Amino acid sequence: MIGSLDPKIPGGPLANKWTNHKDHSRLISPNNRRKFEIIIVGSGLAGGSAAATLGELGYRVKCFCYQDSPRRAHSIAAQGGINAAKNYQNDGDSVYRLFYDTIKGGDFRSREANVYRLAEVSGNIIDQCVAQGVPFAREYSGYLANRSFGGAQVSRTFYARGQTGQQLLLGCYQALCRQIAAGTVQMFPQTEMLDLVVVDGHAKGIVTRNLRTGKIDNHSGDAVVLATGGYGNVFYLSTNARGCNVTATYRAYKKGALFANPCFTQIHPTCIPHSGEYQSKLTLMSESLRNDGRVWVPKRKEDCAKSPNEIPESGRDYYLERKYPSYGNLSPRDISSRAAKEVCDEGRGVGPGGRGVYLDFTDAIERLAGENAYDIPMRIYPAVHYTMGGLWVDYNLMSNVPGLFVIGEANFSDHGANRLGASALMQGLADGYFVLPYTLPNYLAAHIGKRPPTDHPEFRKAETEVRAKTDKLLKIDGNCSLDSIHRELGMLLWDKCGMARNKAGLEEALGKIPELRTRFWREVRVPGENEDFNQSLERAGRVADFLEFAELMCIDALTRDESCGAHFREEHQTSEGEALRDDENFATVFAWQFQGNGEIARPKLHREPLHFETVHLTQRSYK
Amino acid sequence: MNFRLRVWRQKDRQSVGKLVEYEAPDIPAAASFLEMLDIVNERLLLRGEDPIAFDSDCREGICGTCALTINGEAHGPDHPGAACELYMRKFQDGDTITIEPFRVRCFPVIKDLVIDRSALDRIVQAGGFISARTGSAPEANSIPIAKPDVDLAMEAAACIGCGACAAACPNGSAMLFTAAKVSHLAQLPQGDPERGRRVLKMVRTMDGEGFGNCTNTYECEAVCPAEISASFIAKLNREYARASLRRSAGE
Chain Z
3 MIGSLDPKIP
13 GGPLANKWTN
23 HKDHSRLISP
33 NNRRKFEIII
43 VGSGLAGGSA
53 AATLGELGYR
63 VKCFCYQDSP
73 RRAHSIAAQG
83 GINAAKNYQN
93 DGDSVYRLFY
103 DTIKGGDFRS
113 REANVYRLAE
123 VSGNIIDQCV
133 AQGVPFAREY
143 SGYLANRSFG
153 GAQVSRTFYA
163 RGQTGQQLLL
173 GCYQALCRQI
183 AAGTVQMFPQ
193 TEMLDLVVVD
203 GHAKGIVTRN
213 LRTGKIDNHS
223 GDAVVLATGG
233 YGNVFYLSTN
243 ARGCNVTATY
253 RAYKKGALFA
263 NPCFTQIHPT
273 CIPHSGEYQS
283 KLTLMSESLR
293 NDGRVWVPKR
303 KEDCAKSPNE
313 IPESGRDYYL
323 ERKYPSYGNL
333 SPRDISSRAA
343 KEVCDEGRGV
353 GPGGRGVYLD
363 FTDAIERLAG
373 ENAYDIPMRI
383 YPAVHYTMGG
393 LWVDYNLMSN
403 VPGLFVIGEA
413 NFSDHGANRL
423 GASALMQGLA
433 DGYFVLPYTL
443 PNYLAAHIGK
453 RPPTDHPEFR
463 KAETEVRAKT
473 DKLLKIDGNC
483 SLDSIHRELG
493 MLLWDKCGMA
503 RNKAGLEEAL
513 GKIPELRTRF
523 WREVRVPGEN
533 EDFNQSLERA
543 GRVADFLEFA
553 ELMCIDALTR
563 DESCGAHFRE
573 EHQTSEGEAL
583 RDDENFATVF
593 AWQFQGNGEI
603 ARPKLHREPL
613 HFETVHLTQR
623 SYK
Chain D
10 MNFRLRVWRQ
20 KDRQSVGKLV
30 EYEAPDIPAA
40 ASFLEMLDIV
50 NERLLLRGED
60 PIAFDSDCRE
70 GICGTCALTI
80 NGEAHGPDHP
90 GAACELYMRK
100 FQDGDTITIE
110 PFRVRCFPVI
120 KDLVIDRSAL
130 DRIVQAGGFI
140 SARTGSAPEA
150 NSIPIAKPDV
160 DLAMEAAACI
170 GCGACAAACP
180 NGSAMLFTAA
190 KVSHLAQLPQ
200 GDPERGRRVL
210 KMVRTMDGEG
220 FGNCTNTYEC
230 EAVCPAEISA
240 SFIAKLNREY
250 ARASLRRSAG
260 E
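Protein sequence lines correspond, in order, to chains Z and D. Quick note on the numbering used here: the first sequence kicks off at 3 and runs consecutively. Quick note on the numbering used here: the second sequence kicks off at 10 and runs consecutively.
Hints in this document: simulated from the structure, not taken from any laboratory. Since the model is a prediction, treat every value here as computed from it, not as a measurement. Think of the CB as a built atom: it goes at the ideal place given N, C-alpha and C, for glycine as much as any other residue. Be aware that a few hints might be false.
Derived lysine-lysine pairs resembling DSBU-like cross-links, with alpha carbons at most 30 Å apart [stated by the list, open to error]:
1. Lys474(Z) <-> Lys20(D)
2. Lys471(Z) <-> Lys156(D)
3. Lys88(Z) <-> Lys156(D)
4. Lys477(Z) <-> Lys20(D)
5. Lys217(Z) <-> Lys156(D)
Some but not every residue of chain D turned toward chain Z, in silico, with C-beta under 10 Å [said to hold, decoys possible]:
6. Glu58
7. Ile79
8. Asn80
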């Protein structure tokens, strides 16, 4: 099934690739579209926009989400904004600049053609959202307003207060609701995908569990689209919602889909520091605050215990402004997070455990922190936020398993080794509104009438495996909580595969993860039964997958023997402590193939070399 | 801190539920309310008892998943904010805390503190959208919208769809929820073409689901985590009257 990794990038000059590709992709006529059933897993910005758009086009869509309503998908929590190369500010922005900033921000580890396309459709997204009634901020003139975000020297970010993700998702949810009412989209809330069904090498269905009743069902389709978000919760504590998980993508990986660059995980610099073991999640303060705020720590270790108001201006080290004068507090996330870690490692961190830096700004967050941010600057610390890695896809957003498409955060394609702020919303909506609706028909046109019945032996087999796994979880009968093992996994990854990694640490983690997995399958207790609303069982399945997936992350991090973007291998740094890439050996995507039947064997590595025809690879500088 | 909890336990929609008492000792004051429930659940699990089912997801007040009535108040005593934004330091050591699901006829209990709010989705499906086919949009800046209008639309659009308004209302009315969506879209020029149809269909669906009517008690506004103003209900009534009149006049 796995050939050479061909990204299927269209020919021609960079700026014309997408247009040429669209012009020569196969189409499906309106009266034939209803003959196709499309399965979409996930209802966030990527899945919701894809479901609404494909429904409008006349396909029959089945959309699944684990939440009780598609409006609650985690895209809703995005705060700051969405980038688009509109150049409304007349400050020199263009499609090329957005493309360049994104590819540079990703430390030259993403595909030129994909990123260019993303920048190219970014303006259409804003048009579409405004037409849907998304209340973007406006100037007194009535025209749209912009703000600035990390990694850019132009103001290209559109926003709706601090609730941009919510408003974009509601726009997309409302479009989805319209299709649900029209009968083109059938919505399955509180339903989790537990396996991918592959028939004759093509993705043709999924096995799901109804989270309310426990009922296991088979759904067959002409294509399967995964829009299931990222895997940040592998770290236990992250800014992700509690339910976010790797299960859909990981189980597709076990069915043959390649997992690309799993070690590329983004640590966001401005979160509220954590306070105790009971803590269930971390809360993000929008990056947009950094353009008003100034980040600092005391210059002298002795001042760290003092109240910040007692430290005079001359005693403060505005380290981002000092180290990166041109970008300052708006340096990209990987760089800002690492700089925070560095000053804390020097012993100049503030707050409990010395794991915090000050962000001075005058917006009250009294309730969250229990401190009044008017009186004293708030303490912030980096936290896991987004995952750039994901299932490998080609230019058409199709994985190596034909018929399996992966969109949004769930794929790996656009952000390289580090994502810039306000680009996740852009990518989710680009994929769902403007890319997949063009690339999916090209596949479907060649596979009309190939949808198998749900009693096909492959469905039976997958269903039997799902049931067996559920039974196995319920029978563990230990006396230890899921959270305690998940928390241990999270701490291990944070230490060894977090903001900084090294060979010895990764090898240590690779030794410990299998032990944790063994303990999980021996010691946890999963109460209740399958035929029930059983939250423990739901979580157990997800934690089991995290315990396998963590190993893949560490193997990837160990194999990528260079530093790039968010992947900082301590062995590879410049004299100034910046990430030192090795373009000769690692300007390539690592895509991993699952090996082994049941037992986890070392995955097989496939490479997709990255060809840069337009940009020159440079040492990333934000000075 | 130490608490005594009285928690609503109900096996499923058909079963009869009841309040069950639990001790919750040694709870950190800095823990959120939902983290307190996590701690209690972890202890129940280790004692071999069934954990309390409750729903939550983002845990930062934006997804609208958590739906708890705490000491008789939707989302608890710390308004405005969802239950996930409530911290234990808000309570006194030794307090007895009663935890129930949102009590609305149209939100049946699935299990313990988890409810079915699909009625709210059906209200939006009835017309809570602007029919803008993907690809059909004009250039975004071609429609200037006065800042006060868009700011007001944003106030209404901030609704997180949690359903606390209906839970707090003595009539079990979802009018604040419906009003927020109707007002958001009616406030904008893009929403104008479908303005009349939208409000009529949404109100008909809301009534059909069995939600009650507004009698101006303002409980909804008091508990709304997104601080949606009850004045939007007046706007809803005005929009409804306008659409009804225009329809009866044959427009």
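Would you mind confirming whether the straight-line C-alpha gap from lysine 471(Z) to lysine 156(D) stays at or under 30 Å? The given pair, whose Cα atoms are some 55 Å apart, is violated under the 30 Å limit.
Is lysine 474(Z) within 30 Å of lysine 20(D), Cα to Cα? Holds, at roughly 24 Å.
Interface hint check: glutamate 58(D), Cβ to nearest Cβ on chain Z, cutoff 10 Å. Holds or violated? holds, 8 Å
Just to be careful, I want the Cα atoms of lysine 217(Z) and lysine 156(D) compared with a cutoff of 30 Å; is the pair within it? Roughly 49 Å between the alpha carbons, so the hint for lysine 217(Z) and lysine 156(D) is violated.
Does the CB of isoleucine 79(D) sit less than 10 Å away from some CB of chain Z? violated, 16 Å
Could you check if asparagine 80(D) really has its C-beta closer than 10 Å to a C-beta on chain Z? violated, 19 Å
Regarding the pair lysine 477(Z) and lysine 20(D), is the alpha-carbon distance no greater than 30 Å? OK: lysine 477(Z) and lysine 20(D) at ~21 Å, within 30 Å.
Within a Cα-Cα threshold of 30 Å, do lysine 88(Z) and lysine 156(D) meet the stated pairing? holds, 20 Å
Checked against the numbered hints given earlier, this structure breaks hints 2, 5, 7, 8; the rest are met.
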